[in-house]
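Q: Below are the chains, spelled out letter by letter.
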Amino acid sequence: MTSANTTKINAVPTPIPKGPTTRTALRPVEQPMNKPEAPPPAHVQAADFSIYYRTTAAVRNVTLDIPRGHVTAIIGPSGCGKSTFLRAINRMNDLIPGCRATGRLQLDDQNIYGPQIDVTALRRRVGMVFQKPNPFPKSIFDNVAYGPRIHGIRRRSDLADVVESSLTKAALWDEVRDRLSQNALGLSGGQQQRLCIARALAVEPELLLMDEPTSALDPMATDHIENLIAELRGTYTIIIVTHNMQQAARVSDLTAFLYVGELIEMNATSTIFTNPKELRTQDYITGRFG
Amino acid sequence: MELATRKVIDRSFTGLGVFSIVLVAASLVVLLAPIVVRGARAFVFRGTVEHRRLLIERFDRGDRAAAIEEVKQFAARRNSIYERVGAFERDELVPQSRWWSLSPEERARQENLQFYTADFKHCLRELLGPHREIKYQVRDLLEATRNDHPRKPTDELDVDPNKPAVPRDQYGATRWDRATVKLKHVLYREAWVPPATPSADGTPQMLEQTFIPRTTDFAGTPMVALLEELDRDTKEILQPRWTFYWGFLTDASIDSHIFGGIWAELLGTLYLTIGAILFAVPMGIISAIYLVEYAGEHWLVGVLRSCVSTLAGVPSIVFGLFGLAFFINAMHVSPHKSVLAGSLTLAILILPLVIRASEEAIRAVPKTYKEAALSVGAGKWRTIVTVILPAALPGILTGVVISMGRAAGETAPIIFTAAVSVGKPLQIWESFTEPTPALPWNVYNLCTEHEAVDEIRHVQYGMVLVLVLLVLLLNGTAIVMRARITRKLKG
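Going line by line, the protein sequences match chains A and B.
Using my numbering, you'd call the opening residue of the first sequence number 3 and step up by one each time.
Using my numbering, you'd call the opening residue of the second sequence number 357 and step up by one each time.
FYI, nobody ran anything at the bench for these hints, they're computed from the structure.
Quick reminder that beta carbons are idealized off the backbone N, C-alpha and C, glycines included.
Incorrect hints may have been included.
Residues from chain A that face chain B, not an exhaustive set, calculated with beta carbons under 10 Å [stated by the list, open to error]:
hint, residue
1, 156
2, 161
3, 201
In silico lysine to aspartate or glutamate, EDC-like type, Cα no more than 20 Å apart, as pairs [said to hold, decoys possible]:
hint, chain 1, residue 1, chain 2, residue 2
4, B, 736, B, 653
5, B, 736, A, 144
6, B, 726, B, 716
7, A, 171, A, 228
8, B, 428, B, 525
9, B, 540, B, 557
10, B, 846, B, 727
11, A, 134, B, 727
12, B, 844, A, 180
13, B, 726, A, 144
14, B, 428, B, 445
15, B, 591, B, 425
16, B, 736, B, 649
17, B, 477, B, 448
18, B, 780, B, 546
19, B, 736, A, 120
20, A, 134, A, 228
21, B, 844, A, 144
22, B, 428, B, 592
23, A, 134, A, 225
24, B, 540, B, 592
25, B, 723, A, 214
26, B, 726, A, 96
27, B, 723, B, 653
28, B, 428, B, 589
29, A, 134, A, 111
30, B, 726, A, 120
31, B, 428, B, 416
32, A, 171, A, 233
33, A, 171, A, 160
34, B, 477, B, 525
35, B, 540, B, 716
36, B, 723, A, 96
37, B, 736, A, 96
38, B, 477, B, 546
39, A, 171, A, 208
40, B, 780, B, 611
Construct the entire structure; sequences and hints are all you get.
A: Set out below in structure tokens:
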């Protein structure tokens, strides 16, 4: 039913209640197959969307829908354009000189690359977590309060509330509650990454982009982050780029496979990993290339 | 390549490296040691009774009662010496009007004696002070001029035929090290004589400096006893005592540095440096932000960048001339030389340094900080102010302080725009219109243009020491600040 460029989701996951609170919930989400239901409204919608670095296309004619409240994984070999695609959603690619986009990329009904868009407002709605933990060289409190502060929250008590709730959501509060004034660079790598997640959550985004969030972390810290993703699922739409196929299988509801800038296949994660439609997908997830 | 060869090459690099470091260290020691040792003499020296009198009279500093007592004793000794010289002149010297009555031999002797006596009296005055000024010690001299610049109107009324016009003639030797030199001239007459061995072919030869004992000049007169007494008692008369003269930093100079301190120079240097920093740092940082964050990759930006680099290499005298032509002659920021014009010129001089240092520092801020700030919805300007500048601050500070050292030490740019050789310490508001003495310029001035260079070597070295210490202090402060900020950033 699919061609590479017009993949549609044929099995839409059931709406998920707000994230489970225990780690035992960590397993591939069972996808009830072939249950015809009205698809939930797409949160991010790409149509014939391409990104060029000067003349080379990094992402080519991608068309896909990312549903609200689910975890979507983007997998693919290095250089396939998955990070580029991810960074298009909050216009981070603007930092790269000579980078331009064609086609349509929508957040709800707003054109992300439209002329009317307020990029800072967009980025406030679309939070991002980067490959390497990148806390500011400031105190833990100031790191989390950075976003709220620039969006106009000035009162100390309000900021303290936001910081506490964000750190709690990021499962870091209990570890750092006594040392909020210490420099964030003194935290371990995993804690730093969760701090970055808390910093992103503090501005109350709808969508969280994660660009290989665990690639610089050890297995324990990775486990922490994955649990966290499971907990955030349902509340936030999460798009995660990962090199780690097991991770994609563990945390995501949907998986998109990109290859040389093109979307090869997108489907429910269980389907992709058990019964891929495309040969290239199968080759990739079985480790034959990439 | 063979293992042995590689080892030899490795070692030769190590050896050369160590050698060059040792060379730098040695040259620093060779440079700094004399500066420190000689410069310290401006602060620590054996001050004579005249030094203590000077402090009381000019700065009202020291134990007044004790000093007056001491000065009275000193004046008594001195006056008795001068009276003996006077008696000698009355008794032994024949006034020129009666030379007609003398025999030719007698007349030649009188001619010599008159010359020797005049020379001796001159040297004696330099050692012990002016002939008759007992009145000045007893009278309250604080009423008289405390500061030479400007002379108070009362000075015009304070006409005393006995009072020498300039301070250098009002005091004897205030420092024992100078006094020993003066004493040598009191005891020995400097003469220039042909060399002992004439040249073989009879061509003229350079004269040689010799010192002839005055006891031979005055042989057979009562002056011999006086000379012997001076040789023996000068130390007792002048009463040298080890003195720590901190006023060298905080006193204004008297009679263009013959006495007093370097406050005006120090203050002028501080004004110029701080002024230059005030102008250059904001402009430099803003330019650096523009170049890194806003300018993009247009070819004109490349031209701009190489212009900045070129400016950093322009000789400083060119900036000095530019400052004169532009700020004073064209812009009329002040009617003549002023601290303001000098600061602006120095600011232009250090601007390229500040821009380049800030540019490097901003460029060195990890891109991830910027991404993090942008990703939570901060605008570009917000990101720069709240994240990039704080992270770049240690680097920027280093650049700023290096530029401060440069501005404090530059001579050429202020020659035409700010510096004068003699001037009073300025008030802040005067810096907009008035020129100022400044350490680098006055070091140069003292060793080239001052009329009494030999008398004030200690001031010269003192100034050099203070300038070097000032720059070291600035750099030290920067290193400490930088370390603190870095530690704060690193957590």
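Q: So, for every hint listed, does it hold in this structure?
A: To see whether the hints hold, each was checked on the structure:
no., hint, result
1, 156, "violated (14 Å)"
2, 161, "violated (14 Å)"
3, 201, "holds (6 Å)"
4, B:736 to B:653, "holds (18 Å)"
5, B:736 to A:144, "holds (19 Å)"
6, B:726 to B:716, "holds (16 Å)"
7, A:171 to A:228, "holds (13 Å)"
8, B:428 to B:525, "holds (19 Å)"
9, B:540 to B:557, "violated (36 Å)"
10, B:846 to B:727, "holds (19 Å)"
11, A:134 to B:727, "holds (11 Å)"
12, B:844 to A:180, "holds (19 Å)"
13, B:726 to A:144, "holds (16 Å)"
14, B:428 to B:445, "violated (25 Å)"
15, B:591 to B:425, "holds (18 Å)"
16, B:736 to B:649, "holds (9 Å)"
17, B:477 to B:448, "holds (15 Å)"
18, B:780 to B:546, "violated (37 Å)"
19, B:736 to A:120, "holds (13 Å)"
20, A:134 to A:228, "holds (16 Å)"
21, B:844 to A:144, "holds (13 Å)"
22, B:428 to B:592, "holds (14 Å)"
23, A:134 to A:225, "holds (16 Å)"
24, B:540 to B:592, "holds (16 Å)"
25, B:723 to A:214, "holds (17 Å)"
26, B:726 to A:96, "holds (12 Å)"
27, B:723 to B:653, "holds (18 Å)"
28, B:428 to B:589, "holds (17 Å)"
29, A:134 to A:111, "violated (32 Å)"
30, B:726 to A:120, "holds (18 Å)"
31, B:428 to B:416, "holds (17 Å)"
32, A:171 to A:233, "holds (8 Å)"
33, A:171 to A:160, "holds (17 Å)"
34, B:477 to B:525, "holds (13 Å)"
35, B:540 to B:716, "violated (60 Å)"
36, B:723 to A:96, "holds (13 Å)"
37, B:736 to A:96, "holds (12 Å)"
38, B:477 to B:546, "holds (14 Å)"
39, A:171 to A:208, "holds (14 Å)"
40, B:780 to B:611, "holds (11 Å)"
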